[in-house]
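Use these hints to put chain B onto chain A, whose structure you have.
Chains A and B are the protein sequences, given in the same order. Quick note on numbering that gives the first Met the number 0: the first sequence kicks off at 0 and runs consecutively. Quick note on numbering that gives the first Met the number 0: the second sequence kicks off at 0 and runs consecutively.
Read the hints as simulated data drawn from the structure, not as lab findings. Treat the hints with caution; some may be incorrect.
Unchecked claim - 16 Å max Cα-Cα, derived EDC-like pairs, lysine to aspartate or glutamate:
{"id": "1", "chain 1": "B", "residue 1": "Lys318", "chain 2": "A", "residue 2": "Glu103"}
{"id": "2", "chain 1": "A", "residue 1": "Lys257", "chain 2": "A", "residue 2": "Glu276"}
{"id": "3", "chain 1": "A", "residue 1": "Lys159", "chain 2": "A", "residue 2": "Glu266"}
{"id": "4", "chain 1": "B", "residue 1": "Lys228", "chain 2": "A", "residue 2": "Glu103"}
{"id": "5", "chain 1": "A", "residue 1": "Lys258", "chain 2": "A", "residue 2": "Asp172"}
{"id": "6", "chain 1": "A", "residue 1": "Lys159", "chain 2": "A", "residue 2": "Asp141"}
{"id": "7", "chain 1": "A", "residue 1": "Lys180", "chain 2": "A", "residue 2": "Glu167"}
{"id": "8", "chain 1": "A", "residue 1": "Lys135", "chain 2": "B", "residue 2": "Glu345"}
{"id": "9", "chain 1": "A", "residue 1": "Lys257", "chain 2": "A", "residue 2": "Asp161"}
As the list claims (entries may be wrong) - Derived coverage of chain A by chain B (criterion: at least 3 residues anywhere in the stretch with Cβ under 8 Å from a Cβ of chain B; other residues may be distant):
{"id": "10", "region": "17-25"}
{"id": "11", "region": "106-118"}
Predicted model, so just to flag it, every value in this text is computed and none were measured. Glycine is no exception: its CB is placed at the ideal position from the N, C-alpha and C atoms.
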Amino acid sequence: MFKDKDIRNLVAIWVVGTLLAFASAALVYSFYSPAAPGGSPTETSPITNWIFQPSTTVAEMVRVNTAWTVAVIFPFLFAPIITLLYIIGRFNEKNNPVPATFHEHLPLEVFWTIVPAVVLVAMAVPAYGVLRYMEKPPTKPDLVVDVVGAQFYWQYTLPKYDVTVTDEGDGKDPLVLPVDKAILLNGQSFQVNHAWWVPAFGVKFDVIPGRINTSWIRTKREGSYKGQCAELCGTLHAYMLIHVNVVPEKEFYQWLKKKGAKFPPEEQEYVAALLGEDVTATALATSTTTNH
Amino acid sequence: MSIILPEPGSDAKGAARPAEAPIYIPAEETPHLHKEYKGILRWLTTVDHKLIGVMYLWFAFFSAFAGGALAGGIRAQLALPILTDGTNATMGLNAGKALLSPELFNQFIGMHASFMIFFAIIPGFAGFSNYFVPLLIGARDMAFPKMNAFAFWLLIPSALLMICSFAFGSTGAGWTGYAPLSTRTYSPNIGVDMWIFGIHLAGVSSIMGAINFIVTMSTMRAPGMKWFKMPLFCWTVLIQSWMALIGTPVLAGVVTMLLTDRLIGTGFFDPARGGDPLLYQHLFWFYSHPAVYIMILPGFGIVSHIMASFSGKHVFGYKGMVYATAFIAIIGFLVWGHHMFSAGMEPWLRAYFGFMTMLIAVPTGVKIFSWLATLWGGSIRFTVPMMYALGFIGLFTIGGVSGVFLANVPFDVQVHDSYFVVAHLHYVLFGGSVMTILGGTYYWFPKMSGRFLDEKLGKIIFWCIFLGMNLTFMPMHWIGLAGMARRIYTYRPEFLDMNRLISCGYLLMLAGGIMLLGNILYTLVAKKRTAGNDPWGVNATQHTLDWETKSPPAPHNFDRLPKIV
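One chain only, chain A, in its complex shape:
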């Protein structure tokens, strides 16, 4: 049925395909640049993403999981295509004038049903681990942010501090988050569907009227992050850009203070020590009056 040489070549093709897949996985893995050229992303640097510069724990896990997925799935990309090219070169009219007559081989068919299924399990199990991590928001988050999508801007409320900022898509009033904190994101909308997406954070969730979609991140890296609405929401969908600055804790509190935050009593002492200023409600009221 087969010439031995062809079988040997077929096996060699699959070995080469698998090696190419592992090489691709290594390549994807090596894209990671802990310190990107030029340091942390700034307001003017190009958009960053979870492959090159994962900036949350979730994004980091997805990056590793993707490299693993490439390793186990890409053999089924490279090997069939190389096999096809081999067939084109080997089994054409000129090189093989008399076609073979076989048209079934049950053990072979069982084999190529079972093996991909097993490989899929090898892909599915780690993917499930990452999914579980994504779906288990911290029970006591350091910060809660209510994300509201509207036509055509994003509004963020930090209920703990009674601060609301509106990102009109022009980046003038970005959301500011502290670094290395667990942050819970509650997404809502009151008009049409949107989706909050910051590629470097490895997070995307639709905001849909009538429900609250929750997601969470643990920020790992300072910088200025960009994203955009990822669900068609009307004419100016393309302009629903997202800007998030991840900053050290001190700068975060300075930003809160500038936004007129009401610090909860249990935090006032800590923040006062961090900033070297009094942040009780009366003190803030006074400083606001004097400033203006």
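What follows is chain B alone, placed relative to chain A:
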């Protein structure tokens, strides 16, 4: 399997005969030979499955050009955008200066998809199914010839409604038409209602066609053609028809709910009135995921025929192919949620939809491997249809692999609604469906017209389309991963170069498409009928009935109804 064609008069109708004896039915008794008009009236009144099939194909061909023109508008806008880097305070004002206004751009993307899906790919396959299912099972026509004609003619008002909806402000909510964006509050245009009625008519047509194919194949197979002797193309059409029959009513239901929300205020999708926008997505994808298989399964059948024919072998693992197709169809109904991974659902449900989606890779893999085994050891002739079939394997493998990645929920959440998804779906629907339709066109053109399409020009067209397709859709993977959302009419400056490259790829495909139209028109007008019953000389190995009739077949298909042993 071999075919016996009985001699005339060997078995008069009604005469006593052994159960297994060949049947002879005089041509005069075929259903559509009541009255033949000439010229245009013949086309308008015909109930002949072959003429209807040809009309379906022309309809699909011109719809593909209409959809392609819309894609051209999209690509032109994305090649020459007014860029946004997110710091421009007058971004909204710039919208007016763009090539396409944002409103028009959103209508273009919605209509591009609607046209390609409902009027190009589905009718394209309906054309081949209509023409070749009766031929391949040895029948004189479809079971319900008049319903068959009606199903086709419904598509004309359907397409007209969609085209005319542009004049009234068509749907700006994409082909998915997600509520609440598609509700009256946010899309007040009457064009959206026209779009919904267009989908209704296309859906009715699709259901009629599905019933017709199921009945035809269940009852009208030639004597001796057991289920597992039916050619693979018929199997894929049968399974596709069941999918259309089960899924399409749900689509009709959900767009009707949208329509009543819009027109009489039912509030199915309005949270303020106890409705839920997510309900729309669930119902919509319950049809529209199986629709993906409705749009690819007959293509699997076509390339199976082409590959077996031009490698001089039988299809490898025929029964395995049938089971794999059926398995894909069943699982296809259980995975709709993978279009909604970021929409918010129970955690275990995301895991379920992810795992089920991965499972589809198994029967799909069986098909890819079986095609490779069909080619293995063959004596391949590189005719144009065979080139499309070989190209299909490569492109569909790429689309399948990116599909497995998308089944991986954490990965999918990253690229959902990004250009990665656009790349994936075009590798499946262009690399899969369109390549098989083009392959089928070249393969069966001599049968349908008696003339060969020009092979030399055909190869140039193939390379234009194949290379153009890859140039267009391969970079989309990359910009999607990098963070470009889909359905945006302008984007960040870092994506400019890639988008211009993609638009160049579009031009290459457009050139291929125009040359293809030229090739077909030239062949029909200028070439002589030279094709015999078996123009490609493949039936010594294939033993399929389509090559046992004249090219083109007589109105009654077979002078003598064949018997299969």
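Please verify whether B/Lys228 and A/Glu103 have alpha carbons no more than 16 Å apart. Roughly 15 Å separates the two Cα atoms, so the pair holds.
Pair hint outcome, A/Lys257 versus A/Glu276 [Cα-Cα no greater than 16 Å]: holds, 13 Å
Between A/Lys258 and A/Asp172, does the CA-CA distance stay at or below 16 Å? Answer holds: A/Lys258 to A/Asp172 is near 10 Å, not above 16 Å.
Is the hinted pair B/Lys318 and A/Glu103 satisfied, with a Cα-Cα distance of at most 16 Å? holds, 9 Å
Would the hint linking A/Lys135 and B/Glu345 be met if the CA-CA limit is 16 Å? Since the Cα atoms of A/Lys135 and B/Glu345 sit roughly 12 Å apart, the hinted pair holds (cutoff 16 Å).
With a Cβ-Cβ cutoff of 8 Å, does the region 106-118 of chain A contain at least three residues near chain B? holds (count 6)
When you check the alpha-carbon spacing of A/Lys257 and A/Asp161, does it fall within 16 Å? holds, 12 Å
If you count the residues of the region 17-25 of chain A with a beta-carbon closer than 8 Å to a beta-carbon of chain B, do you get 3 or more? violated (count 0)
Please work out if A/Lys159 and A/Asp141 have their alpha carbons no farther apart than 16 Å. Holds, because 10 Å separates the two Cα atoms, which is no more than 16 Å.
Can you confirm whether the C-alpha distance between A/Lys180 and A/Glu167 stays at or below 16 Å? The given pair, whose Cα atoms are some 25 Å apart, is violated under the 16 Å limit.
Holds or violated: A/Lys159 with A/Glu266, Cα cutoff 16 Å? holds, 10 Å
In this structure, the hints that do not hold are numbers 7, 10, in rising order.
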